[in-house]
Amino acid sequence: MNRLHIKGVILEHLYHLRHSIEDLTDTFFWPTMDVIIWGFMTTYFVGLSGTLPTVITFLLGGLILWNVVWRAQQDVSIALLRGAWNRNIINLFSSPLTPWEFIIGTIILGFIKIFLTLGVVVTLAWFLWSYNIFDLGFALIPFFVNLILFAWSIGIIVTGLIVRFGMRIQSLAWSLILIFHPLSCVFYPLDTLPSFLQKVAWYLPTAHVFEGMRQVLAEGSFPYSHLIWAGGLNIIYLSCASILFYFLFEKARESGALARLPE
Amino acid sequence: MSQKYIIEVSKLSKKFGKFTAVNNISFSIREGETVGLLGPNGAGKTTTINMLLGIIKPTSGSIRIFSKDIQTHRGEILEKTGFSSAYTSMQSRLSVRENLIVFGHYYGLKNPEGKIIKLLTEFSMDKLKNKLYGALSSGQKTRVNLIRGLMHNPKLLLLDEPTASLDPDIAERVREFLFTIRRKRIISMLYTSHNMEEVAQMCDRIIFLHEGKIVADDTPLELTKTIEDSLLTIHFDAPLKDIKKFAEYKGLSVKIPQPNIMTTKVSTEKVGEVLTSLAAAGVKLVDVDIAKPNLEDVFLKFARKKKK
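So the sequences go chain by chain: F and W. If you read the first sequence in our numbering, its first letter stands for residue 1, the second for the next number, and so on. If you read the second sequence in our numbering, its first letter stands for residue 1, the second for the next number, and so on.
A couple of the hints might just be wrong.
Think about it this way: if two alpha-carbon atoms lie no more than 35 Å apart in a straight line, the pair counts; the simulated DSBU-like pairs of lysine-lysine are [to be verified]:
(1) Lys7(F) to Lys68(W)
(2) Lys251(F) to Lys11(W)
(3) Lys129(W) to Lys7(F)
(4) Lys57(W) to Lys7(F)
(5) Lys251(F) to Lys255(W)
(6) Lys4(W) to Lys251(F)
(7) Lys251(F) to Lys244(W)
(8) Lys251(F) to Lys245(W)
(9) Lys7(F) to Lys141(W)
(10) Lys141(W) to Lys251(F)
(11) Lys251(F) to Lys80(W)
(12) Lys251(F) to Lys57(W)
(13) Lys155(W) to Lys251(F)
(14) Lys80(W) to Lys7(F)
(15) Lys155(W) to Lys7(F)
If the Cβ cut is set under 7 Å, some of the chain W residues that face chain F in the computed set are [to be verified]:
(16) Ser60
(17) Ser62
(18) Glu79
(19) Arg93
Listing some non-contacts, in silico: residues in chain F with all C-beta distances to chain W over 12 Å [stated by the list, open to error]:
(20) Phe40
(21) Trp85
(22) Trp126
(23) Ser171
(24) Gln198
(25) Ser221
(26) Ser225
(27) Ser242
Since the hints were derived computationally from the structure, they do not count as laboratory data. From the three backbone atoms N, C-alpha and C, an ideal C-beta is built for every residue, glycine too.
Chain F extracted, bound-state conformation (with noise of 0.2 Å):
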């Protein structure tokens, strides 16, 4: 691994990111629309049912967290699919960057527009609603850490399948996380989904960490087995995630998929 390689990820997409109208639209306006939305909403649910905080605090809570989590795998897939836009793969991959650069590259990057995007979201939450997401206090962090493995592993996939299959799926970056969006239980209890599909959710991190959030809000206890399960399986799905990265990305050399990208 070499840093300079890296940083020369992080700057290529930073400079992107002072550019694009798009990307600074992504990374700061579709989260602000959420929050203000969102915040209306949930005010108009406690004027029917008078449960103000802790509707709250499992809404807004919910809503920012999935931010992390939606921000975190484009971030990964987007980044390769705007060198295939530009027709800068080759010149990419031409250069000593090798491709795990690519990827940890683009994972720094995603932490700092996750904390640029997080630091508007909080402050209008607190500004407009009164909400502090550091009500949830020291649990917030592993739950946050686990979120963004989660997304990570999908974003590595995402990006592997892309360079394999080329930009034919490449709505894939866009789509892909919201197949678990249902099932991750953000604004609901996972005991609202039917049983069968209560077992599938079992096996997403994101599903213990949104159940160990509300355990946090609802009795004050930490959720430690949420957590235990959220980190192993984060630790299975990022392994096979890049083992499965490697794999695509060899085939793309094989096939000469990854030489004809843009198309």
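We have chain F already, so just place chain W on it with the hints.
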């Protein structure tokens, strides 16, 4: 020229399913040598360059660059290799300077800014350093691509049509720059271009690829010697029927592009005989042009083999 080999390709093949893009080719490039890789579209030039860069994995055969295998020492080799192609691009939303800083990092340069400014000045691009790459003309983009390939002082340059889409003045300056680099330091180059004059001017040796195979590997001079016929263009002052009769009598294949101009291909040693015979037949010769075979004729000879 050094006897040390920079590129050693042995029995290299690449198949995409049933299609063989590169078929068992072997060649080498010595230190300081500039080699042209020519061939019609689909001959396997780009696939070969992509295999040399490690972007495409060969089906069989080996590639050794700087005496190391590209499959196992890719990073080490690419640190000393520059690549520029008119068919790749860079981030359109980044400025010229930002794009080059990014690639400076990829090539391991800690402070690439100074080198970037120097190269931009040499290529008359310094005033455009803050312009977005996407807003440049194609000629300007080609120059930025070339700067990217040169900024880390590579010992090997792989150039895929480096002067494509440049106007003649800028193309000449790029060639001059490449000549200067060759004079100043020992650098090996593999060069593809459709500009035959440029290839003849730039390259010590030329490899012709045809349907994935090497069909010729020699100096530009030796390759042109493989074409025996010269193109004879004669501006005459005589009735057209006399010319046709003469051509028929001599067994010449003649084209009449204009009523008083004929062109024909004859072997170089028979040019004098044809002209003397024409004069003896009473044809008044107003002007004569003898075009000796050039690299373009060699290219056409190999490219047309396929069609036949």
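Evaluation of the provided hints:
no., hint, verdict
1, Lys7(F) to Lys68(W), "27 Å, holds"
2, Lys251(F) to Lys11(W), "22 Å, holds"
3, Lys129(W) to Lys7(F), "21 Å, holds"
4, Lys57(W) to Lys7(F), "27 Å, holds"
5, Lys251(F) to Lys255(W), "54 Å, violated"
6, Lys4(W) to Lys251(F), "34 Å, holds"
7, Lys251(F) to Lys244(W), "62 Å, violated"
8, Lys251(F) to Lys245(W), "65 Å, violated"
9, Lys7(F) to Lys141(W), "24 Å, holds"
10, Lys141(W) to Lys251(F), "31 Å, holds"
11, Lys251(F) to Lys80(W), "26 Å, holds"
12, Lys251(F) to Lys57(W), "9 Å, holds"
13, Lys155(W) to Lys251(F), "30 Å, holds"
14, Lys80(W) to Lys7(F), "20 Å, holds"
15, Lys155(W) to Lys7(F), "25 Å, holds"
16, Ser60, "12 Å, violated"
17, Ser62, "16 Å, violated"
18, Glu79, "5 Å, holds"
19, Arg93, "4 Å, holds"
20, Phe40, "34 Å, holds"
21, Trp85, "8 Å, violated"
22, Trp126, "33 Å, holds"
23, Ser171, "21 Å, holds"
24, Gln198, "44 Å, holds"
25, Ser221, "47 Å, holds"
26, Ser225, "44 Å, holds"
27, Ser242, "19 Å, holds"
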